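J.: Sequence:
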Amino acid sequence: MNATIWHNPACGTSRKTLAILQETPGVDLTVIEYLKNPYSADKLQQLFADAGLTARDALRLRGTDAEERGLKDASEADIVAAMAANPAYVERPFVETEKGVCLCRPQDRVHEIL
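Residues 68 to 181 (the working numbering) are what the sequence shown spells out, left to right.
Rather than coming from a laboratory, the hints here were simulated on the basis of the structure.
Accuracy of the hints is not assured; some may be wrong.
[Claimed, not checked] The calculated BS3-like cross-link candidates involving lysine-lysine, where the alpha carbons are at most 30 Å apart (straight line), are: (1) Lys-83 x Lys-110; (2) Lys-103 x Lys-139; (3) Lys-103 x Lys-83; (4) Lys-166 x Lys-110; (5) Lys-83 x Lys-139; (6) Lys-103 x Lys-166; (7) Lys-110 x Lys-139; (8) Lys-166 x Lys-83.
Fair warning: this is a prediction, and the values are worked out from it, not measured in the lab.
All chains should be modelled from the sequences, with the hints used to inform the complete structure.
T.: Quick look at the structure:
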């Protein structure tokens with residue numbers, strides 16, 4: 068099974084999710100450090116749609132200035148544009164496999180798509 072994780076090495080949940088993926092037999096893993104290789108707006112929209120989330124659902128408020136910038140109450144398009152410009156606004160980690168996409172908070176949610 069192919070799996071892609073959008074990973075932040077500074078995040079404990081992301082590290083734990085990555086460990087689960089690395090320890091799962093048969094997983095061919097791609098790791099994207101999204102702070103170094105940001106998402107495109109199209110990729111964000113695809114991930115959110117496949118995960119059944121809105122951009123607002125995936126907006127990371129903790130540890131960012133997203134709320135101060137008014138993103139909590141912004142339109143979906145404005146949130147996606149802000150996320151594409153500053154990937155720190157995206158909650159983490161997202162994982163994509165052939166079975167779907169999941170925002171893996173908590174990390175055990177990754178099992179839903181393995």
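J.: It remains to establish, for every hint, whether it holds in the given structure.
T.: Status of each hint after checking the structure:
no., hint, in the structure
1, Lys-83 x Lys-110, "23 Å, holds"
2, Lys-103 x Lys-139, "24 Å, holds"
3, Lys-103 x Lys-83, "20 Å, holds"
4, Lys-166 x Lys-110, "17 Å, holds"
5, Lys-83 x Lys-139, "27 Å, holds"
6, Lys-103 x Lys-166, "26 Å, holds"
7, Lys-110 x Lys-139, "21 Å, holds"
8, Lys-166 x Lys-83, "20 Å, holds"
Violated hints for the displayed structure: none, as all numbered hints are satisfied.
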